[in-house]
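*Asks:* Below, each chain spelled out in residue letters.
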Amino acid sequence: MQFGIFTVGDVTTDPTTGRTPTENERIKATLAIAQKAEEVGLDVFATGEHHNPPFVPSSPTTTLGYIAARTENLILSTSTTLITTNDPVKIAEDYATLQHLADGRVDLMMGRGNTGPVYPWFGKDIRQGIPMAIENYALLHQLWREDVVDWEGKFRTPLQSFTATPRPLDGVPPFVWHGSIRSPEIAEQAAYYGDGFFHNNIFWPMEHTKKMVDLYRRRYAHYGHGTAEQAIVGLGGQVFMRKNSQDAVREFRPYFDNAPVYGHGPSLEDFTRETPLTVGSPQEVIERTLTFRDAVGDYQRQLFLMDHAGLPLKTVLEQLDILGEEVVPVLRKEFANLRSADVPESAPLHPAVTAARANRAARATRKES
Amino acid sequence: MFATTPLRIVAVSAGLSQPSSTRLLADRLAAAARERLAAEQDRNVEVRVIELRDLAVDIANHLVSGFPSATLREAIDAVTEADGLIAVTPVFTASYSGLFKSFFDLIDNTALTGKPVVIAATGGTARHSLVLEHALRPLFAYLRAVTVPTSVYAASEDWGSSGDEYTEGLPSRIRRAGGELASAVLGRTVSGASRAPGLDDGDDAVVPFEQQLADLRLD
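Chains A and B are the protein sequences, given in the same order.
1 is the number of the first residue of the first sequence in my numbering; add one for each residue after it.
370 is the number of the first residue of the second sequence in my numbering; add one for each residue after it.
Think of the hints as simulated: they come from the structure by calculation, not from any bench.
Keep in mind that this is a model prediction, so the values were computed, not measured.
Any given hint could turn out to be false.
[Said to hold, decoys possible] With the Cβ distance kept under 7 Å, some of the chain A side facing chain B (calculated, not the full set):
1. 131
2. 134
3. 154
4. 192
5. 203
6. 211
7. 265
8. 269
[Said to hold, decoys possible] EDC-like mimics (lysine to aspartate or glutamate), calculated; alpha carbons at most 16 Å apart, straight line:
9. A:154 with B:533
10. A:90 with A:103
11. A:243 with A:321
12. B:470 with B:409
13. A:243 with A:318
14. A:210 with B:569
15. A:210 with B:570
16. A:154 with A:125
17. A:210 with B:572
18. A:314 with A:25
19. A:243 with A:325
20. A:314 with A:251
[Claimed, not checked] One-sided and incomplete, this derived list gives chain A residues near chain B with beta-carbon spacing under 7 Å:
21. 135
22. 184
23. 188
24. 204
25. 262
Virtual Cβ for every residue (Gly too), placed ideally from N, Cα, C.
Same shape as in the complex, but just chain B:
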């Protein structure tokens, strides 16, 4: 019996093909995190994978119209309310895909503050692996998320090899990243509470007017 609410792990996959190796990597990372979380504490673990492909039109519409559809809003809420986030993109033209970036462009820039995140990417060749360090890590640093040290890059060849004398194989990198995410989720000391209050926060949504006026007073 679990008296408390479950831990929520959300994986965002920007893969476009079906089946997609990006989705596969997201699933594997989520499974690794779940396994470690289940082993180390009593709370139930809920995993949800969000496929941006299904939201592509809603994302474009939000960019144009300024507000999310109900479906997209629900996905954004799931991401911002998650205890841990897994963000996986295919490498397109030397960076994250446009769809991946567009999705994160629609998330309030304070909503991921303190959120434990694993970043991961897929590509045809291992030569693109530093995209994780040069594109994804700065993106999440800007969002003040807590990105775990291990990022996981899966080239096509990784799905059929077991590492070499220089690198661990994909399964052990996934396990390590999943373990780091689990530790970050359990040891989470920076909460998302530093986000700007919004309309759902009752009267905390506003600074009392006297204070707003006082802040402008000359002294």
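Next comes chain A alone, as it looks inside the complex:
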């Protein structure tokens, strides 16, 4: 199972100090957070993509390319890549390039975005959101698998004898997740291709997440990629931890109360009860996260949202220390013990990544002996 973090990249005022980081500070903080993720032994760093304030990550492969150069093991991913308003040809090129730079440590998550005006800003029609997600991904899928593509569709100029360069590293396209909070069409799309399905699992109750995952699993089996249990599932989650539960609640409350999206709404207590948010001790986070498996079955990737709502960088780095040192090692062991033998341990990795891991393991064994 892979553990990691995903960032929205919001520039938010710290409600306890009134200070708002500059865009430059936020971008540099994102890099520090990604490097910390590798240092504490997490597997994945994923960045969102936004094209409006107060968000900074409009150019994910630039950021991920930098992180690729500063890390060795971390898988670089997205949460999400806008498959609606981006040109699928450019996605094919950008992420294949990133794959070469990162020696295969790349996968990505398709999403439609949550900001209406992005569609018109990029010359698209929001009413065509789902059809665009379907057509654009069909093209992206083809561009990574066929060297020469002839293509015609509704949303893009036709292609004759087109070759997307560079070709995917060693001819293996990056693994793709499809993220959706509530669109059955996207669960269906993920199932059709045998791709992964990711539920953000932050804003909605677990029972809703379960319904979306169940649908994806049934349809994955329907399309003959394996059993429903073998489908590749990823979940989000958000946590805030301190040694003592009460300290975590006290410290996180002002950030929760003023957070973008859900701030000034339900109380921290209500939100913790109704959604997967966990604010408490590392042990409480471990216990809560294990319940996700009860709801959706064995799954392959768990990403936590850690750096939002104006939390200062220092706090985020402390949180990552706790996550990497106290929470993830226990979760790795527990999930591994629980997992059925015929269910894949993780989403497919690029063979180069698998080889590098094997080398590292061999080196570690030699050192020990």
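For this one, chain A is given, so just place chain B on it according to the hints.
*Replies:* Same frame as chain A, but now just chain B:
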């Protein structure tokens, strides 16, 4: 003995005071509908009144957070699954109350398709009665509900008078509306089945992917 499931009448009251004349009107309309339904067929009739006042904070939280609390979800399900709906609001600033509108804003816009509905309102003066025709009826028309012809407006004075040479008294208007709702429930020909399938509909929740792709094919 009733072999079949009961008919469910749900009344939504947006009254804020306790006791509330809006709630009283909702109760009276529900009783009138129940009486007619009981007289005309054998199925049991279940009546439930939902007071939006009790859900006010949950409604505001749903607007902000994007998902309903368990309590609110249960209330929304009761409304969308009802065989007949009674919607009653006080008149605030020349229209339905904000709480009333906020509640219906949270219901999927296809979930009330074909639903028999009685609309009703209360106010301090009868001069606001056309709010029913100019605000509530278009709202439910948008939702493609089947709103019965009689809408019931109860001004304060209606609770202590018996009509005049131009208008029937409140009790007979309530009876007429209740009867129309009962007829609409029993003769219901438009079902709510035209609503968009959701996650609770098994594999019907999705259009098979080949078909989604085929719909995009140029020809």
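*Asks:* Each hint: holds or not?
*Replies:* Here's how the hints hold up against the structure:
no.: 1; hint: 131; in the structure: holds, 6 Å
no.: 2; hint: 134; in the structure: holds, 5 Å
no.: 3; hint: 154; in the structure: holds, 6 Å
no.: 4; hint: 192; in the structure: holds, 4 Å
no.: 5; hint: 203; in the structure: holds, 6 Å
no.: 6; hint: 211; in the structure: holds, 4 Å
no.: 7; hint: 265; in the structure: holds, 3 Å
no.: 8; hint: 269; in the structure: violated, 12 Å
no.: 9; hint: A:154 with B:533; in the structure: violated, 65 Å
no.: 10; hint: A:90 with A:103; in the structure: violated, 20 Å
no.: 11; hint: A:243 with A:321; in the structure: holds, 12 Å
no.: 12; hint: B:470 with B:409; in the structure: violated, 33 Å
no.: 13; hint: A:243 with A:318; in the structure: holds, 12 Å
no.: 14; hint: A:210 with B:569; in the structure: holds, 11 Å
no.: 15; hint: A:210 with B:570; in the structure: holds, 14 Å
no.: 16; hint: A:154 with A:125; in the structure: holds, 12 Å
no.: 17; hint: A:210 with B:572; in the structure: holds, 15 Å
no.: 18; hint: A:314 with A:25; in the structure: holds, 13 Å
no.: 19; hint: A:243 with A:325; in the structure: holds, 13 Å
no.: 20; hint: A:314 with A:251; in the structure: holds, 13 Å
no.: 21; hint: 135; in the structure: holds, 5 Å
no.: 22; hint: 184; in the structure: holds, 4 Å
no.: 23; hint: 188; in the structure: holds, 4 Å
no.: 24; hint: 204; in the structure: holds, 5 Å
no.: 25; hint: 262; in the structure: holds, 5 Å
Hints 8, 9, 10 and 12 from the list above are not met by this structure, while the remaining hints are.
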